[in-house]
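There are 4 protein chains.
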Amino acid sequence: MNARVVLAYSGGLDTSVAIPYLAKMTGGDVVAVSLDLGQGGEDMESVRQRALDCGAVESIVIDAKDEFADEYCLPTIQANGMYMKQYPLVSAISRPLITKHLVQAAQEFGGTHVSHGCTGKGNDQVRFEVSFRALDPSLDIIAPARDYAWTRDKAIAFAEEIKLPIEQSASSPFSIDQNVWGRAVETGYLEDLWNAPTKDAYAYTEEPGLGNAPDEVVISFEKGKPVAIDGKQVTVLQAIEELNRRAGAQGVGRLDMVEDRLVGIKSREIYEAPGAITLIRAHEALEDVTLERELARYKRLTDARWSEEVYDGLWYSPLKRSLDAFIAESQEHVTGDIRLVLHAGQIIVNGRRSPQSLYDFSLATYDTGDAFDQTAAKGFVQLHGLSTQIANKRDRDGGFPTSANGQ
Amino acid sequence: MNARVVLAYSGGLDTSVAIPYLAKMTGGDVVAVSLDLGQGGEDMESVRQRALDCGAVESIVIDAKDEFADEYCLPTIQANGMYMKQYPLVSAISRPLITKHLVQAAQEFGGTHVSHGCTGKGNDQVRFEVSFRALDPSLDIIAPARDYAWTRDKAIAFAEEIKLPIEQSASSPFSIDQNVWGRAVETGYLEDLWNAPTKDAYAYTEEPGLGNAPDEVVISFEKGKPVAIDGKQVTVLQAIEELNRRAGAQGVGRLDMVEDRLVGIKSREIYEAPGAITLIRAHEALEDVTLERELARYKRLTDARWSEEVYDGLWYSPLKRSLDAFIAESQEHVTGDIRLVLHAGQIIVNGRRSPQSLYDFSLATYDTGDAFDQTAAKGFVQLHGLSTQIANKRDRDGGFPTSANGQ
Amino acid sequence: MNARVVLAYSGGLDTSVAIPYLAKMTGGDVVAVSLDLGQGGEDMESVRQRALDCGAVESIVIDAKDEFADEYCLPTIQANGMYMKQYPLVSAISRPLITKHLVQAAQEFGGTHVSHGCTGKGNDQVRFEVSFRALDPSLDIIAPARDYAWTRDKAIAFAEEIKLPIEQSASSPFSIDQNVWGRAVETGYLEDLWNAPTKDAYAYTEEPGLGNAPDEVVISFEKGKPVAIDGKQVTVLQAIEELNRRAGAQGVGRLDMVEDRLVGIKSREIYEAPGAITLIRAHEALEDVTLERELARYKRLTDARWSEEVYDGLWYSPLKRSLDAFIAESQEHVTGDIRLVLHAGQIIVNGRRSPQSLYDFSLATYDTGDAFDQTAAKGFVQLHGLSTQIANKRDRDGGFPTSANGQ
Amino acid sequence: MNARVVLAYSGGLDTSVAIPYLAKMTGGDVVAVSLDLGQGGEDMESVRQRALDCGAVESIVIDAKDEFADEYCLPTIQANGMYMKQYPLVSAISRPLITKHLVQAAQEFGGTHVSHGCTGKGNDQVRFEVSFRALDPSLDIIAPARDYAWTRDKAIAFAEEIKLPIEQSASSPFSIDQNVWGRAVETGYLEDLWNAPTKDAYAYTEEPGLGNAPDEVVISFEKGKPVAIDGKQVTVLQAIEELNRRAGAQGVGRLDMVEDRLVGIKSREIYEAPGAITLIRAHEALEDVTLERELARYKRLTDARWSEEVYDGLWYSPLKRSLDAFIAESQEHVTGDIRLVLHAGQIIVNGRRSPQSLYDFSLATYDTGDAFDQTAAKGFVQLHGLSTQIANKRDRDGGFPTSANGQ
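Chains as they are written, first to last, in this note's numbering: chain A, 1466 to 1872; chain B, 1466 to 1872; chain C, 1466 to 1872; chain D, 1466 to 1872.
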């Protein structure tokens, strides 16, 4: 059987040159698959045509923006998905969706192989390949950058050799991945951790603090899903887009972090995710009002584990699925409005209202109307601390250092 | 035996009137104990004298600022202590220290009772009383506000009745607790969650975004302890004080949150903790560089549990002590410098350097000098995902909804 | 409005005398509610009549055996519910069901109060009262043993005083709670932790090792639910009953433990739960075959938290509900047969088969047919350990004690 | 530089033939290192000589029994180290110690390579290689069975070809790893999960239930370390050896499990670990008496994570080290005696006594002398359940399914 390689195609130099290269290496032909995930930039039809120009036998473009927002970004909002408490999983949640469409294309077009452009030291190879094998282990996987040590220099030389009809774009110092959920930037000078990022690293956000007037936004959620902004109904995609615009204009959503990659190394990463971070922050604030304390405490652990699982490429795993069930159940009452101010890089939540609120004015107030039975507290405190009291007594009686003196 | 009540004395109206009131209720006398925790405001000698004027048989003032910084704030930095991911435990860590000194005073002055001014619906009663019983369960505890339903109105009436020589301060709408680590504010109008806080709620921080020039700071840590700011050696107390000043001037460190109290209710709280939040943020950024991935992941769970334990009043508990041992061990390599910019309410970390860094340029770089063995990655990815691959195959073969399609 | 007390009625001396006592204390009347949870012993009609004889205005008996098995025992099997890794929550899961029926009776018969016979130092008061308030906080709660310091001696004196028509049963040294899921025993001589239990403590189990022939059983599960024993279809109730009989005959299911009560003290408890422990052991063994590794690891944490939540009286809590969702999702594939041998107090699992098995002979075998790609392992091991390798190098280079030498 | 391979040498056929094979493949010479970990069987001097006969340039034997017991088994006791709640890490804890001695030998004898006999589908390759790289990443690693697809058949053919002076032992169906802490058995017929193990699989344990008289043992611990058996002082090694003998004679300590390997597959394993399992069971029972409730609950999570970390080959990792610190602190009070009966495969704990006990008779008893303040309980229960009560009210008021009805 002839090889047919289904390639995750971005339209850039590397994957363009990969088309003839993969054809040559496998002796087969190449189907290019490009997804519109709201990454902006070039027109998708141009991307599609370029793949054909480079020799692809088929080239398809899929508008997956709403699918991405509804099935990949929304669960991330509900899980307050932040790896290392910071990174909203920008690339991590796009890879499983791209994979899903590549596998579908392979089934439609008789693909025998799937291919991606990732190197061997990043996370994305893991996310692609674990997902490929989860969805269709019969497909062979080719990662030229890793498996053939295929570098940009080799790609350029090969393009010239075969007179590939593409222009080499002006060399950019940045390596970028972006979609509607956010933008990831790597670049050589940031490999020195002491260097600060420069302004040209950013595209989704303005410099904070330029004197814009503060922007007050009310985000409404139903069962953990953003459904309106300032009272106007929105889809999840529209919510992300509008907040990318408004929060981005205020410089909100920049990250500069040192990240623990799954492959065992640390790397420096710059991210911009104005919409994502604003939505997660608002969602957390609403959970603070609508989730019972012990559920909230345990959900924070669950959220952290969910984020690690997704970061580690295990979107299509059994554990992810059970964590999803936990989270879905917890969202039943996460309904209400969060008012926040976007300004100078900051998100300031300053108002919440919810028909599902667990905040009870009559219990919380110190003013007239207080319904809290303070007499219950005395006994509560006594038994709450009893096991600690007994342990400290044991320590003192035994001449041990006690928990109390910390020695 | 005559009662002798050792009272946690703040110098304010309530605890001042409590002196004669406790004497009357117990038929004994009262020893006033005041701690300087860097709360600022009135001169401590005036506080000490006022207690005597109100009838205390002894009145002592303890300068516990350095003890507080070194033994209570520093562990909080090392645990990245944030309850509900936000609140740096401002009051929660002061109560066990105040308790410790009250118990010492009781032992010195023959106290039979200890007393605090907290109500029955807050967390501080728990922190005081669990700590009292841990340190000396033979002391009886009196909480007049809770146990005698002793209100401010009753206090004022009683003060007039006995002609107590104190002036009633102008009534403030705010109920405040503050120390060098931060400031907590409650007030009636914020009991409506939809109301935003007004400027007069704040004292440790300026309004963000007033056009101050950004302030760049380098904080140096040794084994998780802040030891220098901009190259100048500091004690922990000095670090907090300097950053309170500099971060506060930039509007950094304000919190507006709905909090899950231990007694089972939700409450609205405003906090300011410019130094605390800056130090914890810097410490986290340094941990990102110096802690190995799995240690870092597990430490985040440990930090969260530590914060809940301390919030819940269990500072002197056996679990806290074992969590401390975990955290102490983890800090061995948390040494290095963090550069950050304070501006317009934001803390922006933009540089890290550490002799203990686990970041390895030669493994991370995509440029010349790359030492990462990419050939290892292929097999890694394959086995990393194998159990998920097998599970998905089982699902498909059995006609089950698969983890992969999420249905 | 006149008081009407709905009483959890067991038929024993204490709750019998409580009927006139509660009537007297409240000036109202008493409705007795008794549940058949498979506890055996006395005929339920006699129990019902006795309540009337003691003065109850209504006395109802509810056969809740299947409801208990299906809605309370089955989730415990699926959560491998063992508090402190040992105790299968015998009383802990019965209290929320009894509460539910009491609240229903209160709604039906116009009850204003609910009442239970528990003391103030046990867990059951918590389970009853938290559940009462969750289901209907408008009902007042009376716990005579705790709230009125109502002791057995007082009960007997009162019964004599009012000439209550009940006989005082021969005094037993044991305090017992039992249902089809198990039996709990407390008794004075076991309050010395060094004393071993004597044979007369047990009723559900024979002495182990009496020379019975080993009993081999095959338990079949569908989605985590026991559906057949030795090929014969059973309800959950029947499964428990049959295994109570067969495992009990082999001395399986005895526990002697020191338990951490929620109220802060430790207590010595003897339990017998032959059916429960056999079913949970079989269920765990089937999960070992059918759950993917990371799901299994995380589910163990979830199971432990579920067990603590239920032990602590929080059956009707939001966290319990989200944990249930996680567990329910995980049970999708827990289908298959477990063969085990019951003998001399032991449960020995020695065979498993499952159409949903994740065990893959071709990957596991060392014989002909091995399909495992060993070449993948080398790279896997290298990157799996890379972050540890880098950390140890850092330690050595810095002259630090290394993780490797443990010093 | 000439290659010099330091080989983990067992004395068996495979590693014997590996000596000339490694010399041939590397063009260098081979140093054989054998550890006495209490595995019994052949005299260690014969093992040492055989390596020389097979061509090793050096052959050393290290008596590491006490080191193994004190530094590897003891931490496992203190962590109640059981992977998947069952497997006491028999091979998992020996690999890091063997590695340590191989690295020392490499440094002493100028080794350039280290080598082990593990295949590419097991856990032990991971444990060896992660530890090698942690301790000395400059050493090259050779795993002939995996890297050269070196099988037993090839080994025999090679031995004949070069006329190696070793006899081929009678072929055994079992693949075995054993040391004083336990024994692991794999064999072809158990690769069918429905087959039960046969008697000849076992060597450390007798068949249970043969009518031996029950054996009552008292094990004494100091700070989590076993120090005496039946009142006679023992080293940790002696404790394990004596309990291997006594528990083994009663058939205690057999395991038959399906295990989740780190490389992603499930495997069937038979283990025997009579001493290990008895010691861990006793240690757990003593912790039940001496650890405060919340510490005990959290330690169970920590123990599980510790066990996974060690199982996964990460003995020399930073996380393991911090977990060790937590566990070490928790053992401060784990001092006392546990009495248990070994009989017919069972371990029955029936007595505990400890000068560090947290069990308080006066709080636990229902008899005269009860010191528990029951009046505190009413308020405790009320606030313990308050957040659940509020959440259920919210659900009912909103017409939502409530946590209470589980629908």
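The hints are simulated quantities; they were obtained by calculation from the structure and are not laboratory data.
No experiment lies behind these values; they were computed from the predicted model shown.
Careful, some of the hints might be misleading.
The list treats identical chains as one, so a pair stands whether inside a single copy or across any two.
In silico DSS-like links for lysine-lysine, alpha-carbon gap of 27 Å or less [said to hold, decoys possible]: (1) 1688 to 1550; (2) 1843 to 1619; (3) 1843 to 1858; (4) 1628 to 1489; (5) 1664 to 1843; (6) 1489 to 1843; (7) 1697 to 1530; (8) 1664 to 1489; (9) 1697 to 1843; (10) 1688 to 1530; (11) 1664 to 1858; (12) 1489 to 1858; (13) 1690 to 1858; (14) 1489 to 1530.
Here is how each hint holds up against the structure:
no., hint, verdict
1, 1688 to 1550, "both (23 Å within a copy, 22 Å between copies)"
2, 1843 to 1619, "between (75 Å within a copy, 21 Å between copies)"
3, 1843 to 1858, "both (21 Å within a copy, 25 Å between copies)"
4, 1628 to 1489, "within (15 Å within a copy, 50 Å between copies)"
5, 1664 to 1843, "neither (57 Å within a copy, 36 Å between copies)"
6, 1489 to 1843, "between (79 Å within a copy, 22 Å between copies)"
7, 1697 to 1530, "within (20 Å within a copy, 52 Å between copies)"
8, 1664 to 1489, "neither (41 Å within a copy, 59 Å between copies)"
9, 1697 to 1843, "neither (48 Å within a copy, 48 Å between copies)"
10, 1688 to 1530, "within (22 Å within a copy, 36 Å between copies)"
11, 1664 to 1858, "neither (60 Å within a copy, 36 Å between copies)"
12, 1489 to 1858, "neither (78 Å within a copy, 32 Å between copies)"
13, 1690 to 1858, "between (50 Å within a copy, 23 Å between copies)"
14, 1489 to 1530, "neither (33 Å within a copy, 60 Å between copies)"
Checked against the numbered hints above, the structure violates hints 5, 8, 9, 11, 12 and 14; every other hint is satisfied.
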